[in-house]
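Engineer: Okay, here's what each chain looks like letter by letter:
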Amino acid sequence: MIVLAAAVALVVLAPAGTASAHPLGNFTVNTYAGVVVRPGEVIIDHVVDMAEIPAFQERRAIDLDGDGVQTDAETEVWRVSRCADLAMDVAVQVDGRAAPLRSTEVGAVSFPEGSGGLTTLRISCRLTGSFDADAGQATHTITVTDSSFGDRIGWREITAVGDGMTIVRSDVPATSPSARLTMYPPDALPPAVREASLEVTHGGARLATLPGDVPDGGTSVDASAPDGLLASLAGRRDLTFPLAAAMIAIAIGAGALHALGPGHGKTLIGAYLVGAGGTLRHAVGVGVAISIMHTSSVLALGLVVVSAERVFAPEQVYPWLGLASGLVALALGSVLLVSRLGARLGHRARAAGHTHDHPATHGHRHGPDRGHDGGSGHTHEAGHDHPPLSRRGLVALAFSGGILPSPSALVVLLASMSVGRTVIGLILIAAFSLGLAGALIGIGALSLRARDMAAARISSRAARLLPIGSAAAIASMGLFLTVQGAARI
Amino acid sequence: MTRTRYLVAGLLSFAVVAAALTYVGRSTPTGPSRQVPTVAAGALPGVGVAGLTQAPGRPQLDEIERLIRAFDEQTGTTPNATGLAFLGQLELERARLTGDVGSYARAARALEQAVRLAPGVSETQALLASVLFTTHDFTGAFDLASEIYERDGDLGALAVRGDAALELGRYEQAEADYATLAATLPGASSSLVRLARLSFLQGDTGRAAVLAAEAERAAASEGAFGATRAWYAAFRGRLALDAGRPDEAATYYARAVGSAPDYHVAIVGLASARAAQGRIAEAIRLYERATAMVPEPAPLAALGDLYTLQGDDAAAADRYATVEAIASLAEANQLYDRQLASFRADHGGDLTDALRIVEEELRTRRDVYGHDAHAWVLYHLGRHEEARSASDEALALGTPDARLWFHAGMISAALGDDDRAREELTRALQIAPRFDPLLATIAAETLTSLGGAA
Chain F
1 MIVLAAAVAL
11 VVLAPAGTAS
21 AHPLGNFTVN
31 TYAGVVVRPG
41 EVIIDHVVDM
51 AEIPAFQERR
61 AIDLDGDGVQ
71 TDAETEVWRV
81 SRCADLAMDV
91 AVQVDGRAAP
101 LRSTEVGAVS
111 FPEGSGGLTT
121 LRISCRLTGS
131 FDADAGQATH
141 TITVTDSSFG
151 DRIGWREITA
161 VGDGMTIVRS
171 DVPATSPSAR
181 LTMYPPDALP
191 PAVREASLEV
201 THGGARLATL
211 PGDVPDGGTS
221 VDASAPDGLL
231 ASLAGRRDLT
241 FPLAAAMIAI
251 AIGAGALHAL
261 GPGHGKTLIG
271 AYLVGAGGTL
281 RHAVGVGVAI
291 SIMHTSSVLA
301 LGLVVVSAER
311 VFAPEQVYPW
321 LGLASGLVAL
331 ALGSVLLVSR
341 LGARLGHRAR
351 AAGHTHDHPA
361 THGHRHGPDR
371 GHDGGSGHTH
381 EAGHDHPPLS
391 RRGLVALAFS
401 GGILPSPSAL
411 VVLLASMSVG
421 RTVIGLILIA
431 AFSLGLAGAL
441 IGIGALSLRA
451 RDMAAARISS
461 RAARLLPIGS
471 AAAIASMGLF
481 LTVQGAARI
Chain P
1 MTRTRYLVAG
11 LLSFAVVAAA
21 LTYVGRSTPT
31 GPSRQVPTVA
41 AGALPGVGVA
51 GLTQAPGRPQ
61 LDEIERLIRA
71 FDEQTGTTPN
81 ATGLAFLGQL
91 ELERARLTGD
101 VGSYARAARA
111 LEQAVRLAPG
121 VSETQALLAS
131 VLFTTHDFTG
141 AFDLASEIYE
151 RDGDLGALAV
161 RGDAALELGR
171 YEQAEADYAT
181 LAATLPGASS
191 SLVRLARLSF
201 LQGDTGRAAV
211 LAAEAERAAA
221 SEGAFGATRA
231 WYAAFRGRLA
241 LDAGRPDEAA
251 TYYARAVGSA
261 PDYHVAIVGL
271 ASARAAQGRI
281 AEAIRLYERA
291 TAMVPEPAPL
301 AALGDLYTLQ
311 GDDAAAADRY
321 ATVEAIASLA
331 EANQLYDRQL
341 ASFRADHGGD
351 LTDALRIVEE
361 ELRTRRDVYG
371 HDAHAWVLYH
381 LGRHEEARSA
391 SDEALALGTP
401 DARLWFHAGM
411 ISAALGDDDR
421 AREELTRALQ
431 IAPRFDPLLA
441 TIAAETLTSL
451 GGAA
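As you go down the protein sequences, you meet chains F and P in turn.
If you read the first sequence in the numbering used here, its first letter stands for residue 1, the second for the next number, and so on.
If you read the second sequence in the numbering used here, its first letter stands for residue 1, the second for the next number, and so on.
Okay, chain F solo, but in the shape it has when bound (with noise of 0.2 Å):
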């Protein structure tokens, strides 16, 4: 419990996606190597991240022509040369015998925020090497030095797996205690591993993927804190029962929380539920679409970084579809608007004319070929029961609050799929969206307990312009929206 709320709060106190200092120090070169011993054949996942020092020294590098612009052709150009220099500083010898090392796959490069406006760098490397596995030999001995970077200080890290082989005897784990330097633990004095030695024997489980499979992505979302529990909750190896209900409660927690924060339209769910005279079905309704929108902006936005081939920062995104979800709420509000005041103002010409009774039917057809919401300028007449949410409507409004997906909920994902644990990525997002439904309907029941509670206090005149008002509400928030993604542009 305490844990829970402890986790509880490192969400809610750990703003998403802030620049902070390189957490070794600013002159850190920090390398992994994860080790795969496969028959015949030894793979190395290298994963090298530098702090903001070295970094800056190695941009500059990577700008050939030195005109202070890093293009994506001498970005190429780097990765391809770094990984190669990379394959002659790290070493294997088999049996005593030498298996020279190749750069076969070069991985993601991304540039993470640091301090002081400058960035850090994360490049990772395959480099396979072979070797004679002579099954007649019983046993292997492998032994991996990696010397880069040698005069720099840094964490140094190895690990070893077997896939089709099995690993008898090792002096490193299996497992990266800071999951492939992105989680670095905080004072203590980091491990200097710059050789593993392991005996190895034919025959053993295979891997469903290696490890580097799903790279880092170029993620420059900040993976420290509050995700980086959740993701490092998802990555261990030895899940109890009792470790993943705390993982599902931290999620849907997260969840709920991230429907308070700002966007996700519980402003405009209010707003839009006053106004239409919903009931807490619509709430419900309107909290689940919401939810649905949001899970699918996660999963997309997922599926394109990873399988994105070049750099690709989510955070890039974030501007566009904050700008959309403006538009959309713009729209919908204007249109709302217009709508309730053309009824408003068509109705008083009417009730200038003939009595208020009129049947349930008059005019009241929904659907998407209706531009507006019908009847709403009716709200006024007490038993008058009729769905105001048209589903062009609930379309506008899930999308709006939907779009923007949560950093936290796709650093989990990530991390999740980056250590080879799609499933339970997916699992905790799905908690993570029930969390967020479960908020948003909440505050729905809220607004329209609020309304209820109002509704016998305020005037007849009140009421009926309260519609009118929400939309205007809703016009207005999505003018805000609008001009605020269009700034960050």
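Please keep in mind that the hints were generated in silico from the structure rather than gathered at the bench.
Derived Cβ-Cβ restraints for the label pairs, each shown as a range:
| hint | chain 1 | residue 1 | chain 2 | residue 2 | range |
| --- | --- | --- | --- | --- | --- |
| 1 | P | S328 | F | P185 | 19 to 29 Å |
| 2 | F | D452 | P | S328 | 52 to 62 Å |
| 3 | F | V69 | P | E222 | 49 to 59 Å |
| 4 | F | G469 | P | A15 | 43 to 53 Å |
| 5 | P | A15 | F | W320 | 35 to 45 Å |
| 6 | P | S328 | F | D134 | 52 to 62 Å |
Some chain F residues close to chain P (C-beta under 8 Å, calculated; not the full set):
| hint | residue |
| --- | --- |
| 7 | R60 |
| 8 | G66 |
| 9 | D187 |
Covered by chain P, according to a simulated footprint, are these stretches of chain F (three or more residues, beta-carbon under 8 Å):
| hint | stretch |
| --- | --- |
| 10 | 21-28 |
| 11 | 112-121 |
| 12 | 150-158 |
Please read these numbers as outputs of a predicted model, since none were measured by experiment.
We put the beta carbon where it would ideally sit given N, CA and C, even for glycine.
With chain F fixed as given, assemble chain P onto it according to the hints.
Structural biologist: Same frame as chain F, but now just chain P:
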């Protein structure tokens, strides 16, 4: 359904999902296999060399880190004052070798815990004062050291107080403390080297050299090794270099590097001696090694200057840009204030900011080098009169440092005081003809243009 049933249903589904999660978590991890663009292996020159020679490595640092981890574990399970104090000392040693501020923080934590466990042990508290000193909190170090010394008479604290007083420019206090220290521990390396430093500042280079030599001998006989031993040799090297004897300086610095191959201070010292000897290529190689270990503004700037001398402007620009990058990292600024201010003065950076830095420092730290940095920045800002007064303060003790006299000479020239300028520039070049790869030439040229003989 009633509310209770809703609740039960919710809890049940929660439990089911959590169980499912556990099950999934136990099995082999799954995930999409992604087609990553493969670079044709043949196109790359990345063939591993058999019998790969490793990078030089850092044997002393590795050893210290091994000890740190051992003591960390030991004091983690059974916290004890002695172990923690030793852990603190080890972290301080590591900090000296690596410049890693994390080690300072860890040292402080270990020492504070040691003090809590054994409050009466003043040596541990004196170590805390020295942590403050090394992180350039001279006022804090002075106050804490004073408190400890006045209370317990601990000599370690006295030494720290004297050192802090020296850095703050309180020379009388420093002299008194060093005298007390020397009286209590007559032949100790720690008293001798401090007296040497003071003698140099006060202009007595002969005495300084003799005392420094004695200090190195004393350190050896006291059993000092590694970076501590190297420090004494490096100190002698610095004195020799300042006195214009680069060959002698190179011998001492080479000895320092031999005692501690990972010690960046020794490597930088040797590099500066080689540069003064005219062995530029070697100096560059040494500076490159040192700045790869600990990227500090002063050696980076010196490296840039050597590249400029060789005509490699691109490489020089790289180093200068790195200095500015260091400047933009807030924490670094505290330790490198003076280095950054001099860099900007000599290489045309943001002088207004440089002035702010030196004046901020002068509020507490009013030693001769602080005044000198102030003078030099003011000179480049064109405020020659103010530069004159600051430079006078810098030369108040008569310190025979070529740079101080060079700055004074340039200021006099700017003020039109040619006689004085000639005197000061001649003095600078007499002390150390090659005190700086680029500035020595400027000194000589200015002197010639004023009608003097370089």
